[in-house]
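There are 2 protein chains.
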Amino acid sequence: MIEDKNQQRTQLSDLGEFGLIDHLTKNFEIKHKSTVKGIGDDAAVLGFKNKNIVITTDLLVEGVHFDLSYMPLKHLGYKSVIVNLSDVYAMNAEATQITVSIAVSNRFPLEALEDLYVGIETAAKIYNIDVVGGDTTSSTTGLLISVTAIGEVKSNNEVYRDGAKPNDLLVVTGDLGAAYMGLQVLEREKEVYKVNPNSQPDLSPYSYIIERQLKPEARKDIIKLLKDLEVKPSSMIDISDGLSSEIIHLCKQSKVGCDVYEEKIPLDPQVISTCEEFNIDSTTVALNGGEDYELLFTMSQDDYSKIKANPNLTVIGYMKVAQVGIHLVTRADTKIPIKAQGWKNFNV
Amino acid sequence: MIEDKNQQRTQLSDLGEFGLIDHLTKNFEIKHKSTVKGIGDDAAVLGFKNKNIVITTDLLVEGVHFDLSYMPLKHLGYKSVIVNLSDVYAMNAEATQITVSIAVSNRFPLEALEDLYVGIETAAKIYNIDVVGGDTTSSTTGLLISVTAIGEVKSNNEVYRDGAKPNDLLVVTGDLGAAYMGLQVLEREKEVYKVNPNSQPDLSPYSYIIERQLKPEARKDIIKLLKDLEVKPSSMIDISDGLSSEIIHLCKQSKVGCDVYEEKIPLDPQVISTCEEFNIDSTTVALNGGEDYELLFTMSQDDYSKIKANPNLTVIGYMKVAQVGIHLVTRADTKIPIKAQGWKNFNV
Chain L
1265 MIEDKNQQRT
1275 QLSDLGEFGL
1285 IDHLTKNFEI
1295 KHKSTVKGIG
1305 DDAAVLGFKN
1315 KNIVITTDLL
1325 VEGVHFDLSY
1335 MPLKHLGYKS
1345 VIVNLSDVYA
1355 MNAEATQITV
1365 SIAVSNRFPL
1375 EALEDLYVGI
1385 ETAAKIYNID
1395 VVGGDTTSST
1405 TGLLISVTAI
1415 GEVKSNNEVY
1425 RDGAKPNDLL
1435 VVTGDLGAAY
1445 MGLQVLEREK
1455 EVYKVNPNSQ
1465 PDLSPYSYII
1475 ERQLKPEARK
1485 DIIKLLKDLE
1495 VKPSSMIDIS
1505 DGLSSEIIHL
1515 CKQSKVGCDV
1525 YEEKIPLDPQ
1535 VISTCEEFNI
1545 DSTTVALNGG
1555 EDYELLFTMS
1565 QDDYSKIKAN
1575 PNLTVIGYMK
1585 VAQVGIHLVT
1595 RADTKIPIKA
1605 QGWKNFNV
Chain Y
1265 MIEDKNQQRT
1275 QLSDLGEFGL
1285 IDHLTKNFEI
1295 KHKSTVKGIG
1305 DDAAVLGFKN
1315 KNIVITTDLL
1325 VEGVHFDLSY
1335 MPLKHLGYKS
1345 VIVNLSDVYA
1355 MNAEATQITV
1365 SIAVSNRFPL
1375 EALEDLYVGI
1385 ETAAKIYNID
1395 VVGGDTTSST
1405 TGLLISVTAI
1415 GEVKSNNEVY
1425 RDGAKPNDLL
1435 VVTGDLGAAY
1445 MGLQVLEREK
1455 EVYKVNPNSQ
1465 PDLSPYSYII
1475 ERQLKPEARK
1485 DIIKLLKDLE
1495 VKPSSMIDIS
1505 DGLSSEIIHL
1515 CKQSKVGCDV
1525 YEEKIPLDPQ
1535 VISTCEEFNI
1545 DSTTVALNGG
1555 EDYELLFTMS
1565 QDDYSKIKAN
1575 PNLTVIGYMK
1585 VAQVGIHLVT
1595 RADTKIPIKA
1605 QGWKNFNV
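One line per chain: the protein sequences are L and Y, in this order.
No gaps in the numbering here: position 338 of the first sequence is 1602 in the working numbering, and each next residue is one more.
No gaps in the numbering here: position 210 of the second sequence is 1474 in the working numbering, and each next residue is one more.
Among the clues, some could well be false.
Because identical chains cannot be distinguished in the list, a pair is counted as satisfied if it fits within a single copy or across any two copies.
No farther apart than 30 Å at their CA atoms in a straight line, the calculated lysine-lysine pairs in the DSSO-like style are these [as the list claims (entries may be wrong)]:
1. K1295 / K1484
2. K1295 / K1479
3. K1295 / K1488
4. K1488 / K1570
Keep in mind the hints are simulated off the structure, nothing from the lab.
Let the sequences and hints guide you as you build the complete structure.
See the structure below:
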């Protein structure tokens, strides 16, 4: 029936990921009192007495989310865990367990999967999580990895996307745009390799940005830091799709506006130099690059003194009332509306 | 690196699913005290005070687990939920939440995904579960569905695969082999359709077996029934890969043997007649067909009086000490060892 040419057809690319999930699940009802939070945040929240469980899942598809011509399988295993843990931390929770399912074609030998699982095991060790389940199956083409991560948080300590208030500070961890620029370098080297398989590129000037692409880390340390500093964010999200779309998520769900200062956006020197080399605007990269797996959160200005000396945290703007909108304040002191770049995977 | 021709290559088909999961995860350590049970049962078990959480995940791949030329998307959505709920019930737990992730190529219009989600929503309503999360992404080919199901069970009420004791009764719910024979009929009709697209087959003689293939149900009712009857199984598993491989799982994990009586295996009349039509042995189909989503459990003989009148439950054999092995006692009263048919998906 899928091939019926007469049926009404709406292209998925017209909706994008967020429109699609909203559209498909808008009629779904919540029936269990243990369901504290369903679809619409970094993770779902289930309530059990004084402890809440968060649960989140991600699907990584070969040819869409990763390219095995430059992604070692160990790193892929590691990264597939990290992207899920990042969602758990974005709820202000401690990650405790994961399940890992893979679909794999016969072109992969056992040794390839062993490499993948070494990466998974390494991430599990470093982040102190248990691998508690999974499923392996065959695929007709390529490799697919589905990870579900589970975390724990004391009841009422979880942080959603919808708690930001006007005048709250907008804070980002680490620096942005590096994973995207690492990908640009890897894509360029792939093209060079196609022309001359004997070329030995010197990638050392790009070591940081390539590592950010191939072996990202999740900000478990920030959850501990915020606890130690006694700062509870009013809203939080992890930066997977890019700063601009995450800012829009926080603003829309919290029903607030925002001013973000271009000059405050943290960039690593390697990102700046590589952007110059590729002739790309570094602010555009920081706003839209994605895969940073940093945390973006809002917090009360009253707590500013607790965070101001911390090198991991950068205040990049202020939340406003919804009516003023969401803007980037440029270095030239002009205001540009921040728009979602949308989710381009359906155009691949 | 995956294309390096010099690396050691072990074919995945040499291991099969169970060997593969065991092999890949054998070094994984459990670190959290909330992890009551990790890999190796129908679901993982996480402990929280007097309630345990079970969690299980399954990946369904187009061309491996389903064929859209005869699987309506509504049914596929429904079935993708059912196969996971079945694992939750096999732990003696109540299913409460699911997450659903899909990877889909641009060949699918929105309306196709709406159909898929209608099936998911229908299952969620009927089985009283909340859809709490998910992820949509693109795929380069075909459709892929990953479902994670979460359930709750009172601490110590969960039932594992490893609790069967010699002399326990081996009990199966419903009847077996129907989903497999339904698939044979659908495959045959697909071939007929290829030759003559205008043929209008009369499938009414196969209505039950086709429904078992396209729209299976999970035995939520049995969990309630066992509770009402005050029967706690000593071990339990759901029948997804086929009766013989599930019996082997229970026996190996419980370190027991088993006699299964061919004449006791419950078969629907439509299975028997269709097996005759296709010239296939119905016992072979019941043992190896799979996708029944019935429950297979063991229980103390002391409780036999509680279940003997129940039409949903059939005693098909007895557990023995491990040394005597695992056998089928045929209608001719000969004993044949039951062997795993293995998991053939890697040979697709």
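Hint numbers not upheld by this structure, sorted from lowest to highest: none
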